[in-house]
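Undergrad: Residue numbers (the numbering used here), protein chains in the order written: chain A, 1 to 346; chain B, 1001 to 1346; chain C, 2001 to 2626; chain D, 3001 to 3626.
Rather than coming from a laboratory, the hints here were simulated on the basis of the structure.
Here the structure is a predicted model, which means the values were calculated and not measured.
Check the hints yourself; a few may be wrong.
[Said to hold, decoys possible] Here are some of the chain C residues that sit facing chain A, going by a computed Cβ distance under 7 Å:
id: 1; residue: Gln2303
id: 2; residue: Gln2487
id: 3; residue: Glu2517
[As the list claims (entries may be wrong)] With a Cα cut of at most 30 Å, we get these calculated DSS-like pairs of lysine-lysine:
id: 4; chain 1: D; residue 1: Lys3244; chain 2: A; residue 2: Lys346
id: 5; chain 1: C; residue 1: Lys2596; chain 2: B; residue 2: Lys1326
id: 6; chain 1: D; residue 1: Lys3244; chain 2: B; residue 2: Lys1142
id: 7; chain 1: A; residue 1: Lys221; chain 2: A; residue 2: Lys157
id: 8; chain 1: A; residue 1: Lys274; chain 2: B; residue 2: Lys1260
id: 9; chain 1: D; residue 1: Lys3571; chain 2: C; residue 2: Lys2571
id: 10; chain 1: C; residue 1: Lys2596; chain 2: D; residue 2: Lys3571
id: 11; chain 1: A; residue 1: Lys325; chain 2: D; residue 2: Lys3163
id: 12; chain 1: B; residue 1: Lys1260; chain 2: A; residue 2: Lys251
Glycine residues also receive a C-beta, built at the ideal position from the N, C-alpha and C atoms.
Here is how the chains run, residue by residue.
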Amino acid sequence: MVAPSQPQTSPQPPRKYTKIDFQTDQEVRWCPGCGDYAILNVAQQVFAQLGFPKEKMVMVSGIGCSSRFPYYVNTYGFHTIHGRAPAVATGVKLANPELQVWVATGDGDALSIGGNHFMHALRRNIDIKILLFNNRIYGLTKGQYSPTSVLGTINDKTAPFGTVDQPLNPISLSLASEATFVARSVDVYAKRLMDILKKAAEHKGSAFIEIYQNCNIYNDKAFDDFTDRPFRDDRNVMLEHGKPLIFAQGKKGIRLNGLKPEVVTLGENGITEKDLIVHDEHNPSLAYLLSRLNHPNFPEPIGVFRNDRMPSLDERLENQIADVKKAKGEGDLRKLLFAGDMWEVK
Amino acid sequence: MVAPSQPQTSPQPPRKYTKIDFQTDQEVRWCPGCGDYAILNVAQQVFAQLGFPKEKMVMVSGIGCSSRFPYYVNTYGFHTIHGRAPAVATGVKLANPELQVWVATGDGDALSIGGNHFMHALRRNIDIKILLFNNRIYGLTKGQYSPTSVLGTINDKTAPFGTVDQPLNPISLSLASEATFVARSVDVYAKRLMDILKKAAEHKGSAFIEIYQNCNIYNDKAFDDFTDRPFRDDRNVMLEHGKPLIFAQGKKGIRLNGLKPEVVTLGENGITEKDLIVHDEHNPSLAYLLSRLNHPNFPEPIGVFRNDRMPSLDERLENQIADVKKAKGEGDLRKLLFAGDMWEVK
Amino acid sequence: MTPPSASNVAAPRKQETLDQVTIRFAGDSGDGMQVTGGHFTNTSAVLGNDLSTFPDFPAEIRAPAGSLPGVSGFQIQFSSKDIHTPGDRPDVLVAFNPAALKVNLSDMPDNSVIIVNSDSFGEVDLKKAGCKTNPLEDGTLDKFQAYKIPITELTMKALESIKFKEKDRPNKERNKNFFALGILYWIYSRPLDTTMKTIERNFAKKSNADRPIVLAAQTALKAGHAYAEATELFRSQYTVAPAKYEPGTYRNIAGNQAIALGLVAASKLSGLQLFYGSYPITPASSILEELSQRKAFGVKTFQAEDEIAAVTAAIGASFAGALAVTGTSGPGVALKSEAINLAVMTELPLVIVDIQRGGPSTGLPTKTEQADLLQAMYGRNSESPVAILAPSSPAECFTMAIEACRIAIKYMTPVFLLSDGYLANGAEPWKIPEPSSLPKIEVKFRTEKEGFAPYLRNEVTLSREWAIPGTPGLEHRIGGIEKSHIQGNVNYDAENHDFMCRIRAAKIQRIAQDIPELKVHGPQDATTLVIGWGSTYGAIRAAVEDCQARGLKVARAHVRHLNPFPANLGKVLSRYKKVLVPEMNLGQFLFLLRAKFLVDAKGVNKVQGKPFMISELIEVIEKEAR
Amino acid sequence: MTPPSASNVAAPRKQETLDQVTIRFAGDSGDGMQVTGGHFTNTSAVLGNDLSTFPDFPAEIRAPAGSLPGVSGFQIQFSSKDIHTPGDRPDVLVAFNPAALKVNLSDMPDNSVIIVNSDSFGEVDLKKAGCKTNPLEDGTLDKFQAYKIPITELTMKALESIKFKEKDRPNKERNKNFFALGILYWIYSRPLDTTMKTIERNFAKKSNADRPIVLAAQTALKAGHAYAEATELFRSQYTVAPAKYEPGTYRNIAGNQAIALGLVAASKLSGLQLFYGSYPITPASSILEELSQRKAFGVKTFQAEDEIAAVTAAIGASFAGALAVTGTSGPGVALKSEAINLAVMTELPLVIVDIQRGGPSTGLPTKTEQADLLQAMYGRNSESPVAILAPSSPAECFTMAIEACRIAIKYMTPVFLLSDGYLANGAEPWKIPEPSSLPKIEVKFRTEKEGFAPYLRNEVTLSREWAIPGTPGLEHRIGGIEKSHIQGNVNYDAENHDFMCRIRAAKIQRIAQDIPELKVHGPQDATTLVIGWGSTYGAIRAAVEDCQARGLKVARAHVRHLNPFPANLGKVLSRYKKVLVPEMNLGQFLFLLRAKFLVDAKGVNKVQGKPFMISELIEVIEKEAR
Ligand SMILES: Cc1ncc(C[n+]2csc(CCOP(=O)(O)OP(=O)(O)O)c2C)c(N)n1
Ligand SMILES: Cc1ncc(C[n+]2csc(CCOP(=O)(O)OP(=O)(O)O)c2C)c(N)n1
Ligand code: SF4
Ligand code: SF4
Ligand SMILES: [Mg+2]
Ligand SMILES: [Mg+2]
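Kindly produce the complete structure, drawing on both the sequences and the hints.
TA: Printed below as a string of structure tokens:
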């Protein structure tokens, strides 16, 4: 046991880890075939590769199938309550900015009950990484539709005649919440997901990653239309900073007609790569426009929509405290108490 | 007293009202000089002009100075609890779609504690009109900064060393929440505000109007920089559907350079009206892009950002009920109870 | 009542008659235990047995196949007598894998029957269940009548000739639960027809291509039955005669289903549109699920973004004149508490359905508990009186849902309906009432302008009038700030606030005049009273009746109105030397009784996520009542 | 103590000595009543009087000028004796307009002094206050010693020569409060220097251009004093001698300020970083405001998006090893209740400050009440024990804030600190403690890997250890689902749940060993006990002492630890024939006492948004204690 002390700040060489270091002794309790396994697998690999001390990593989650994530990652973990993970994570990070804080959440957890904390965590640019497992369904409570379920979906449980709620677009919403890092991947796109998680880890500030995740029990094949191997290339466009928006093995692209994006065939009507939108991770309005592209009218964009470095809330707060201490000196309790109009009784 | 019955649906000729019909016997309890007076005044005039039966109008609000609004409008009114007005209003409208439902709220009420309901009401396109009195401060609780307070603001109450939170942009956020009608005006722009409120009333679906409102006690002159008469024309751009973005008495305009908007001087370098962005209320991505323009880098856009007709939640629900009734007949309680595996005991 | 047709019974063996039997089905969550239990329940119900069931789900959707946390259970007691619980300890356990056996074995009395699917006791299966040795071989089952049947193999053989589509083929094996069901139907002399028909009906919506699936289930069922009949494995066949019921039409009903039906009925009885605002949460979600089917009744369900939106939308709907209900479980109630207070202050009718579950916090989400009583009473800032009701059995959920609506409307108040996970999922036979026999709920919206004031009160009920938007001339404004008496304007006066706090409390107390007095069951000279509330009813009744039968001087009473209490409760309590209060919590009702009546009552408390066993209560009563 | 310098006193008139005086300043919210009261308080404090204050704000920021709801009041009692309340009825009312006079007149005893600004009784002013006739002329004031002084005019005359900037000119007139203050300083022989210096200091930050503002305030003060001195209006001048205090350095402190200082102190005493997560709400906001100034102490304040984020961020900070505190008022507690349960389940230290206000719902947001006690006890789903403390005076808020932190950390538990609007804004002299005299708060984070288990408990406190992220080798996971004893893994077992529910309850009960026994004040042969909690302390003490002085056999006790109760509470209660429980609610503490100890205590209840008067309590005690 030791008395509390300030965290140390000396930089350390990256640790050598393997995936196994990030596994726990807990039995993984997702349904066989659930997309969550693939995500966990990638995350554990990424964590190993990061080499960041695992005792300084904290996994925070809400409630949902996806929110069981912390139990399976051998770091500090906090399985909190429904929807509140971003707020809990904000507290963790503010209290100890040395920690690397990850949030695992679901479409219900983050966007339904937790929508407000999600939005405010992002706009504050608190340095946490939010992994949203979007299966467009409430898995844990057995299959009610969610705020990302497609309008009109017949849902056996709570919308037997079809949903009447327009869904939310998590990418648009996160951008409008001023998120500085916004990306999308798919559970089965292991390589892409790995790249994105690494970039997110490197990003200082809020990072938001939407991961399309298959719930094979209650919403099976929700994304197969564009993620199945035969269509994948034709129905996805991979966003790469500085590169034009090309897909279908280089045959097609997306260009702007005024402010309206449209799919074009390269080589047809004299269209070349030069006519296409060039992706720019530093242009939030472009990112927003791209977030509106969706299968089937467009290829589904996968990759990093936005990646801008801005001061994070924790940095701003630490700096402010440091500045005040520099200006006024470290707080002296005696001076604080013995202040204002005082009088002496002898 | 009568037994409950379904609301009547026969269309009625507009009623003849004057502003006085919408005044109540309650003493108005805002600080002298508060921008809320101007908004109330305009709203009462608009309500009179609408000619909609006032007994079918409902004003719902949360908590805040702005949320006292319902007490001063002689319709049905519900001063609810902090942040929940959009949800209460959703219930009112769903229960009786014949009612015209307005929400009066503040930047704290709608975007801080009420952010989640705000976002979800909009994405469902429930037919309510949300007036957000944005004074960039918590007025009622005596002046703490709000989620729209400018970053770095020194706030005597809770940010004596300057705020460290990036603010939210209500227009961006409402667009990303799929709002079908989004507009902005200013308390003192009576004419504009009146036009916008009328358009909002006519819009079927969620309408969101941000109103810059001066709190002369805790955040005086927050908008004067661009709303003061001498600068008004130079520092505002009025959005009009189908018209190019021109301001400063026709001398300046805004054009797109790639996807980056820029201010240009008409006549200089051969720039003409044709080069400018033409406002299109039906293009949400353009609306979003415009929502990112702010004084002092750009003129502050005032007017309707988006106005699209889409089925509203209440319409969708009523239609679904009607369809089911048509298909299955009006529900029969006896049939419902006497169902499933039954057996007879004699 | 017509006796069951003894179909398929060829060569009867020893026939015995039993009063009651308790069976527990246990297997992996993927094994269809709830479906199997459901079929057995319906067949027994149609056969005329009294019965009570207890489904016990794992918290996970699909915990790892074969693991201990993945075990799903379903217990049913069926009887020729009046019964009130799903039985303490099973007479028969049907275990589909080692994990199911392991988890349930400690509940089995010596010499009880255990039927296992011996095909699922391979090495891997044993390992998944953490068994070091094979319980089928290591003597574990010695003290039981164990039947080790290769159910999987037998099922597959029976279905050999049925051709499944490529993709469905792995599902063939899943019919083993129907095979097992067939065995049990033979042992307990149940006809197959109800289940046969239900299988048919369940698949009715599907295409012809799914025909093999229907056929397979039916074939497996028949095969199991034939197997039991043919092999000499089972030496006896049992009959459990129909119970004596009041004449009428019956169906089997679970608590949540009964609440949903009760709410639809209340909507019809009041002429009000039903508005149900909810956010899914176990074990309350099935009410939302049931009600979203009821569009033909004009029921409006609103799946809100969270619990706060669910309740506030309901409050908005109530303001607009709907019958407004919001349903959830304990954590959801906590979130709704600020808003419920708005309904208290604005005096709007609102029914809050709380299907209690194990806590605190996320706790044991799929298990039952009765620990939200004090939260319902006091879980809001300041003095905030509401009415609280609690049904005592699945079927009673129907009447209590109607009662909650009646009180909410008549007294313009929030009303809590406290059910729990056990009632929600448990089922029992229900005598279906004729709608015409149900009491109308009177609703009078205010329409006269003359003399209208929003907080004018009825002298008898103390409730204000309901004046809804759309009514010309009654435009008025309400809200969460303290209101002036009668006029309902915002008011900060000291005396008015004190008065209003007291009148809100008095209004709730007035309800006591309008509810039945508490009935006591037991001998005149009883010295001990066992008093309970909610889902402990069955266990308490059975235990006390058992003790009474053996001459103990013990009586029982069950409280359904928890706030206000029945008017005679104090008098009742004062008659007994000893008062015992069994609850699935640490003594919440007990606490209210002690505070209100200064009675030195004693708690009998169990917080185990599961109901009392009758025997546990008998033990306590015997000790205390002597 | 040095006697006050009798500055500015030229020709003394009749000099009288008083034991204590109560003054109420009342005017429009724009009239600066709180500032005026504050100056009078500080001057009297520095003078060595004991004192107690009661500010009473309107709910509106600026209700319409001159209207009844716009009246703002500030009452101070100052004394040469030990006093405990701001006084029942004022000896002096200073009314700045007709509304202020009207609102406060009923509190004034016959023959008391009323000073009015006669300049603000014009026709318009009277109309705004709803006066049909002019109270200065219609005989209303006949039974009082009324002084009608043209304060505005006199102030303006005094400031004639001071040149204000164009834009500030309308503010000149606002100095009338300083003029009035000058009059009172003369009457009660107070020196001007403290106020003169404070005015100077308050403007220190401003530029020289604001010099006229400082000058105007000071000049008005002196002019008022000179006026009282010069005119023959006031026949007597009074002295209230310094009270007898323990030696030490004193300052005046209000409850919320004391809580903020207490939290900073607890941070220093524990060596933990203070994290305060809050969402503004009246009357709790000033704690957030005070703490956001304390960056030099490394205090991290988080103004959250709502109460739920405020508490959950605090829980996150606690998990990470900070001293985590969240503050709010009743409606905010309701919203936080689900999350507080997470802290109960995860057994993390957390202090929840609840500055109670009038309810239910939005209620009377600026008024005081004590009605969140049962919410704190029971306002969460399931069995959810927490510790609850309540300070009894503004100054005691300091020590109780430290005590809350101590218990939270030592017992790894949420702790409620229940203050209220009256304590929050009321002020009293506080003997400033030497930081070195404050008890250290021991914190030991777990670091040894060997034998670590997240839910291993200390045998004495039953609390688990605090193992924070950043500690190598102790990586572990906690959460809201039920945990297994010791290992802390997710666990759905029946017996474990029961055990854990009971051990969580037992842990809180253990705190009783660690807190002082309850002290009783009164004669050995007392037959009546008056027992209270929280801010009623002053009124109860004064009332009981008054009765005791007249020989009534009455004792008193005040409970500061409400859960668990002091160990001897039951024994104390059993000693009295009669137990009276005054509370500003409908009987919540009463309820706990009755339930726990089966004592037939009697409530003395007032829910008026304002504290008890001593006389009210005396009346009840006299009736009951005979
Ligand atoms: C306060 C509260 N309300 C409701 C629930 C029930 N609940 C648990 S998880 C969940 C939704 C889960 O959906 P999602 O976040 O999409 O996660 P998934 O299971 O699909 O991964 C709900 C409604 C709860 N646990 N707590
Ligand atoms: C649950 C709850 N939390 C906090 C408060 C305190 N509160 C009342 S209004 C308000 C903010 C008001 O700000 P805004 O919505 O911008 O309205 P304004 O007064 O500026 O018009 C706050 C924090 C409350 N009434 N209820
Ligand atoms: S229910 Fe769906 S999301 Fe949850 S574990 Fe199963 S497959 Fe995965
Ligand atoms: S505080 Fe500000 S917003 Fe509130 S009424 Fe006064 S001026 Fe208006
Ligand atoms: Mg999901
Ligand atoms: Mg505001």
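Undergrad: Below or equal to 30 Å on CA atoms is what counts here, so check Lys3244 (chain D) against Lys1142 (chain B).
TA: 38 Å, violated
Undergrad: Checking one constraint from the list: CA of Lys325 (chain A) to CA of Lys3163 (chain D), max 30 Å. Satisfied?
TA: 40 Å, violated
Undergrad: Would you check the hint for Lys274 (chain A) and Lys1260 (chain B), treating anything up to 30 Å between C-alpha atoms as holding?
TA: Holds. Lys274 (chain A) to Lys1260 (chain B) sits at ~18 Å (cutoff 30 Å).
Undergrad: Going by Cβ atoms only, is Glu2517 (chain C) closer than 7 Å to chain A?
TA: 41 Å, violated
Undergrad: Is the straight-line distance between the alpha-carbon of Lys221 (chain A) and that of Lys157 (chain A) 30 Å or less?
TA: 18 Å, holds
Undergrad: When the nearest CB of chain A is found for Gln2303 (chain C), is that gap smaller than 7 Å?
TA: 5 Å, holds
Undergrad: Hinted pair, alpha-carbon criterion (30 Å max): Lys1260 (chain B), Lys251 (chain A). Please report holds or violated.
TA: Roughly 28 Å between the alpha carbons, so the hint for Lys1260 (chain B) and Lys251 (chain A) holds.
Undergrad: If you draw a straight line from the CA of Lys2596 (chain C) to the CA of Lys1326 (chain B), is it 30 Å or shorter?
TA: 54 Å, violated
Undergrad: Please work out if Lys3571 (chain D) and Lys2571 (chain C) have their alpha carbons no farther apart than 30 Å.
TA: Given pair Lys3571 (chain D), Lys2571 (chain C) holds - Cα atoms ~29 Å apart, limit 30 Å.
Undergrad: Hey, Lys2596 (chain C) versus Lys3571 (chain D), does the alpha-carbon distance stay inside 30 Å?
TA: Within the cut-off at roughly 21 Å; holds.
Undergrad: Measuring from the C-beta of Gln2487 (chain C) to each C-beta in chain A, is the shortest one below 7 Å?
TA: 36 Å, violated
Undergrad: Is the hinted pair Lys3244 (chain D) and Lys346 (chain A) satisfied, with a Cα-Cα distance of at most 30 Å?
TA: Given pair Lys3244 (chain D), Lys346 (chain A) holds - Cα atoms ~10 Å apart, limit 30 Å.
Hints 2, 3, 5, 6, 11 from the list above are not met by this structure, while the remaining hints are.
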